[in-house]
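With the hints as extra help, turn the sequences into a complete structure.
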Amino acid sequence: MLDLRRADPSFTDEVLSEPGGENLLKCYACGTCMSTCLVKRYNPEFNPRRLIRRAALGLREQALADPTYWLCSACDACYARCPQSIHISDVMRAIRNVAMRGGAESPLAAAQVDTDRCSGCATCARACPYDAITMVAKEENGLLHQVSYVNPSLCLACGVCTATCPSLAITLEGYSQEQMLAQLGAGGWLEASYDAPKIAAFVCNWCLRAEEDLAALDRLPPNVRVVRVPCSGRVDPLFVLHALREPVGGVLVAGCTPGECHYKEGNSIEQSRLLLLQMMMGHLGMDARRVRFARFGAADRGQFERTLAEMMGELAAVAPEGWSTW
Amino acid sequence: MVNKLKVAIYWAGGCGGCDIALVEMGPHLLELDAAADIVLWPAAMDGKYQDVEALPDGAIDLCLFNGSVRTSEQEHLARLLRRKSKVLVALGSCAHEGCIPGLANQMSAEEIMRRVYLEVPSMDNAAGTMPQTVTRVPEGEVTLPVFYDYVNTLAQTVPVDYTIPGCPPSAHQIWRALELALAGQLPELGSTVGVYAKTVCDQCPRVRQGTKVKAFHRPHEIEMDPQRCFLEQGVICAGPATRAGCNQLGKPPLCISAAMPCRGCYGAPEGVEDQGAKLAAAVASMVDSIDEAEIAKIVGGIADPVGTFYRFSLSSSMLRQAMAEERKR
Chain G
1 MLDLRRADPS FTDEVLSEPG GENLLKCYAC GTCMSTCLVK RYNPEFNPRR LIRRAALGLR
61 EQALADPTYW LCSACDACYA RCPQSIHISD VMRAIRNVAM RGGAESPLAA AQVDTDRCSG
121 CATCARACPY DAITMVAKEE NGLLHQVSYV NPSLCLACGV CTATCPSLAI TLEGYSQEQM
181 LAQLGAGGWL EASYDAPKIA AFVCNWCLRA EEDLAALDRL PPNVRVVRVP CSGRVDPLFV
241 LHALREPVGG VLVAGCTPGE CHYKEGNSIE QSRLLLLQMM MGHLGMDARR VRFARFGAAD
301 RGQFERTLAE MMGELAAVAP EGWSTW
Chain F
1 MVNKLKVAIY WAGGCGGCDI ALVEMGPHLL ELDAAADIVL WPAAMDGKYQ DVEALPDGAI
61 DLCLFNGSVR TSEQEHLARL LRRKSKVLVA LGSCAHEGCI PGLANQMSAE EIMRRVYLEV
121 PSMDNAAGTM PQTVTRVPEG EVTLPVFYDY VNTLAQTVPV DYTIPGCPPS AHQIWRALEL
181 ALAGQLPELG STVGVYAKTV CDQCPRVRQG TKVKAFHRPH EIEMDPQRCF LEQGVICAGP
241 ATRAGCNQLG KPPLCISAAM PCRGCYGAPE GVEDQGAKLA AAVASMVDSI DEAEIAKIVG
301 GIADPVGTFY RFSLSSSMLR QAMAEERKR
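Top to bottom, those sequences are chains G and F.
Mapping the first sequence onto my numbering, position 17 (from 1) lands on 17, and the numbers just tick up by one.
Mapping the second sequence onto my numbering, position 56 (from 1) lands on 56, and the numbers just tick up by one.
It is possible that some hints are incorrect.
Straight-line C-alpha distance at most 25 Å; calculated DMTMM-like pairs for lysine to aspartate or glutamate [said to hold, decoys possible]:
1. 328/F <-> 287/G
2. 4/F <-> 46/F
3. 212/F <-> 131/G
4. 6/F <-> 73/F
5. 297/F <-> 260/G
6. 251/F <-> 116/G
7. 251/F <-> 140/G
8. 297/F <-> 287/G
These stretches of chain F come out as covered by chain G in the derived footprint (C-beta under 8 Å, 3 or more residues) [said to hold, decoys possible]:
9. 191-199
10. 204-215
11. 231-244
12. 277-290
13. 306-314
14. 318-329
Since the hints were derived computationally from the structure, they do not count as laboratory data.
All figures in this text were calculated on a predicted structure; none of them were measured in a lab.
Each residue gets a CB set at the ideal place from its N, CA and C atoms; glycine is no exception.
This is the structure:
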């Protein structure tokens with residue numbers, strides 16, 4: 001129950017005065033944002049409606065203890081649907097700014113930079129959808145070197161920088177290079193033969209919006225290996241090559257449809273990466289259809305399984321003889 | 001007299017630049033000569049394969065092998081020198097990762113032969129004469145080495161003890177490695193020698209602002225700002241995915257100091273298996289667009305992606321392994 005005797009109107013004012021926080025009081029708590037957002041799938045505590053209400057009522061402690069403002073990835077799916085046109089991610093950022101000033105820390109495990117490996121190329125800083133990475137100076141053997149620094153308050157743990165880093169100097173908890181490759185090869189899958197072409201499917205945590213589609217991942221045939229990724233942008237081209245050289249028949253990367261990426265632009269970076277890889281495969285006389293970037297939108301249902309079936313059909317055409325050993 | 005070390009230097013499928021780099025050691029060559037007997041160095045002195053064959057196995061203390069392995073002669077020498085050498089070093093990008101000759105792996109041996117001996121505009125070969133491995137002449141048989149289907153690295157042919165990367169390796173790095181070898185202080189077997197821990201960007205003085213680009217250009221297509229990061233001007237630079245080591249520590253990398261982007265000859269950073277894939281991943285994140293069609297246009301504008309991202313490392317790459325698997329089927 002809300003105890004309004006503990007309300008602190010100055011908190012509401014603080015949020016309102018942050019850029020983006022000015023629309024806080026327009027919310028009438030319809031809950032459309034809540035029903036749109038997928039974050040609650042992975043964290044039941046996530047609830048923008050409740051947080052906005054608490055902030056509007058000046059419940060400072062309860063609002064700041066809520067993880068919601070750390071977890072909002074600013075994909076803005078809710079913004080398009082909010083009947084009051086509140087830019088909810090801006091409100092979340094406003095609350096986060098207030099929290100950061102008070103010394104609060106994000107519950108997310110931010111990407112970690114190994115500064116002994118980092119060469120300061122700034123590739124990650126360019127790739128980060130949240131501008132969470134800056135270059136800082138580090139002294140090594142009396143000389144100043146540039147290295148990356150990930151601001152843990154801004155990092156959403158999407159893994160785009162991890163996949164991008166050319167030195168493999170950035171790791172992400174739960175999705176490290178070793179963990180991803182271990183999942184791909186678990187149970188001897190890479191070496192195993194099945195009576196249908198093998199497909200390695202890297203599936204973003206957000207692109208399959210229907211619970212039914214998500215459940216379908218668990219009942220796929222054994223020739224399909226599903227590896228979950230926070231964002232399609234976590235898929236390092238090295239993973240794709242790792243599979244193709246085994247050889248795995250096809251690699252399917254499943255991400256969000258353009259404009260709907262949960263991490264703003266991770267899917268666009270992945271599009272560039274896979275396009276380049278496909279161009280190179282083509283130049284080498286390989287069949288670029290073995291790599292496919294499938295993108296699913298908020299309205300798609302059952303599309304993942306159909307894409308998979310289509311790809312298997314295509315693989316049969318790529319190598320009519322001996323395809324079953326792929 | 002103290003027993004001098006026996007050193008062999010061999011040039012297989014490469015341009016000869018590694019031999020030039022050795023000569024570039026200058027006065028250190030005299031130090032090498034003082035400390036070692038050179039039993040084979042075809043580029044610099046007379047020497048016969050039979051002399052090497054006559055040596056007992058393991059008689060050579062150190063062999064610097066440069067060049068890739070494409071022909072039966074190169075393979076024979078790789079195996080022979082492996083057998084005769086206590087320590088075998090892959091010297092230079094060709095032996096290390098295939099280098100420019102490795103780009104020929106984009107085509108089959110037959111396509112290459114047809115192109116070179118029948119199709120090139122400067123070829124006058126109306127009779128369609130093709131090179132033969134054995135030709136009978138009145139005096140007897142003359143032979144040519146077999147031209148294999150693919151270009152392989154030294155390590156894909158025989159076990160290699162150390163690698164000194166570079167196209168060519170810098171003379172100071174070769175000398176540093178030789179000093180270690182002469183002093184018996186070579187590092188752990190399998191090590192890459194003559195490099196620094198980080199990548200070219202760590203040594204590069206150009207300013208990086210973290211900006212992206214709307215188009216990629218080849219160096220001759222635009223006027224480049226001499227202070228700014230090449231990549232941020234849309235010129236593909238292999239620096240982010242290339243091991244540093246081409247210049248003295250603390251000095252700008254060689255190509256950068258010549259106002260050209262890094263071409264990638266020192267190979268992948270430590271622990272990275274495929275340089276091209278990681279360079280492609282880095283370059284892909286330079287694209288300043290979230291529009292599907294625009295991204296396709298920007299990325300599609302990258303000329304010769306295999307020759308750009310795998311300029312030196314195609315032979316040893318995972319991509320080539322994937323290609324080879326596909327061709328088997």
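Hints, verified against the model:
no., hint, result
1, 328/F <-> 287/G, "holds (13 Å)"
2, 4/F <-> 46/F, "holds (19 Å)"
3, 212/F <-> 131/G, "holds (13 Å)"
4, 6/F <-> 73/F, "holds (23 Å)"
5, 297/F <-> 260/G, "holds (21 Å)"
6, 251/F <-> 116/G, "holds (19 Å)"
7, 251/F <-> 140/G, "holds (15 Å)"
8, 297/F <-> 287/G, "holds (21 Å)"
9, 191-199, "holds (count 3)"
10, 204-215, "holds (count 5)"
11, 231-244, "holds (count 4)"
12, 277-290, "holds (count 13)"
13, 306-314, "holds (count 3)"
14, 318-329, "holds (count 10)"
Of the hints listed earlier, there is not a single one the structure fails to meet.
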